[in-house]
Amino acid sequence: MSYNISEKQINEFKEAFSLYDPQNLGALPITELGKLMRSVGQTPTEKEVQEIIRTLKEEGKQTMDFQDFLQIMAKNMKDCIPEEKVIEAFKVFDKEGKGLISAQELRHIMTSIGQ
1 MSYNISEKQI NEFKEAFSLY DPQNLGALPI TELGKLMRSV GQTPTEKEVQ EIIRTLKEEG
61 KQTMDFQDFL QIMAKNMKDC IPEEKVIEAF KVFDKEGKGL ISAQELRHIM TSIGQ
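Numbering (the numbering used here), first residue to last: 1 to 115.
Don't read these hints as lab results, they were simulated from the structure.
Take the hints with a grain of salt, since some may be wrong.
As the list claims (entries may be wrong) - In silico DSSO-like pairs for lysine-lysine, Cα to Cα no more than 27 Å straight-line:
(1) Lys75 x Lys85
(2) Lys35 x Lys8
(3) Lys85 x Lys98
(4) Lys47 x Lys35
(5) Lys47 x Lys91
(6) Lys95 x Lys35
(7) Lys85 x Lys8
(8) Lys95 x Lys75
(9) Lys98 x Lys35
(10) Lys85 x Lys95
(11) Lys14 x Lys75
(12) Lys75 x Lys57
(13) Lys14 x Lys47
(14) Lys35 x Lys61
(15) Lys98 x Lys47
(16) Lys85 x Lys14
(17) Lys35 x Lys75
(18) Lys91 x Lys35
(19) Lys47 x Lys57
(20) Lys47 x Lys95
(21) Lys35 x Lys57
(22) Lys98 x Lys75
(23) Lys57 x Lys91
Please model the complete structure; the sequences and the hints are all you need to start from.
Now the structure itself:
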């Protein structure tokens, strides 16, 4: 299956998965899903996690392998803006290149763009 996830993200996900799989069994209890997702920067609600777990259980799964986790992450990240795009957009508004945007600048940006 093809995922719209960068190689860097896949490596981060592998590293996180392996931290939860210290015995290198290649599978984790599905009950670890929420913690695992949060460890890679996702912020699913408990309801969202339980919905994913329910779906996995309906498929007869009590554990998930890395491919299962990668598929879950791909589905949950499809609406996320890639970090590189956020940084690129930030730089447009960081006129002085200091890595900061003042509250006044942010307010102006948000009212000008209409967001």
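Status of each hint after checking the structure:
Simply put, Lys75 and Lys85 have alpha-carbon atoms about 19 Å apart, close enough for the 27 Å limit, and the pair holds. Distance restraint check for Lys35 and Lys8: the Cα-Cα separation of roughly 20 Å lies within the 27 Å cut-off, and the hinted pair is therefore satisfied. With a CA separation close to 18 Å, the supplied pair Lys85 and Lys98 stays within the 27 Å bound. Among the hinted pairs, Lys47 with Lys35 is consistent with the structure: their alpha-carbon atoms are about 14 Å apart, no more than 27 Å.
Between Lys47 and Lys91 the CA atoms are separated by roughly 35 Å; this puts the pair beyond 27 Å, and the hint is violated. For the suggested pair Lys95 and Lys35, the alpha carbons sit about 38 Å apart, so the restraint of at most 27 Å is broken. With a CA separation close to 15 Å, the supplied pair Lys85 and Lys8 stays within the 27 Å bound. Between Lys95 and Lys75, the direct Cα distance comes to roughly 35 Å. Violation of the 27 Å bound is thereby established for this hinted pair.
Among the hinted pairs, Lys98 with Lys35 is inconsistent with the structure: their alpha-carbon atoms are about 34 Å apart, more than 27 Å. A threshold of 27 Å between alpha carbons decides the hint, and for Lys85 with Lys95 the separation of about 17 Å falls inside it, so the pair holds. Restraint check: the Cα-Cα separation between Lys14 and Lys75 comes to about 17 Å, which is no more than 27 Å; the hinted pair holds. About 17 Å separates the Cα atoms of Lys75 and Lys57, which keeps this hinted pair within 27 Å; it holds.
Taking the CA atoms of Lys14 and Lys47, the gap is near 25 Å; set against the 27 Å cutoff, the hint holds. For the given pair, Lys35 sits about 18 Å from Lys61 by alpha-carbon distance, which is consistent with the 27 Å threshold. A threshold of 27 Å between alpha carbons decides the hint, and for Lys98 with Lys47 the separation of about 39 Å lies outside it, so the pair is violated. Restraint check: the Cα-Cα separation between Lys85 and Lys14 comes to about 23 Å, which is no more than 27 Å; the hinted pair holds.
About 17 Å separates the Cα atoms of Lys35 and Lys75, which keeps this hinted pair within 27 Å; it holds. About 32 Å separates the Cα atoms of Lys91 and Lys35, which puts this hinted pair outside 27 Å; it is violated. Between Lys47 and Lys57 the alpha-carbon distance is near 15 Å, which keeps this suggested pair within the 27 Å criterion. Straight-line distance between C-alpha atoms of Lys47 and Lys95 comes to about 41 Å, which puts the hinted pair past the 27 Å bound.
Distance check on the hinted pair: Lys35 and Lys57 sit about 18 Å apart at the alpha-carbon level, within 27 Å; holds. With a C-alpha separation of about 35 Å, the suggested pairing of Lys98 with Lys75 is violated against the 27 Å cut-off. At most 27 Å may separate the alpha-carbon atoms for a hinted pair to count; Lys57 and Lys91 exceed this at roughly 44 Å.
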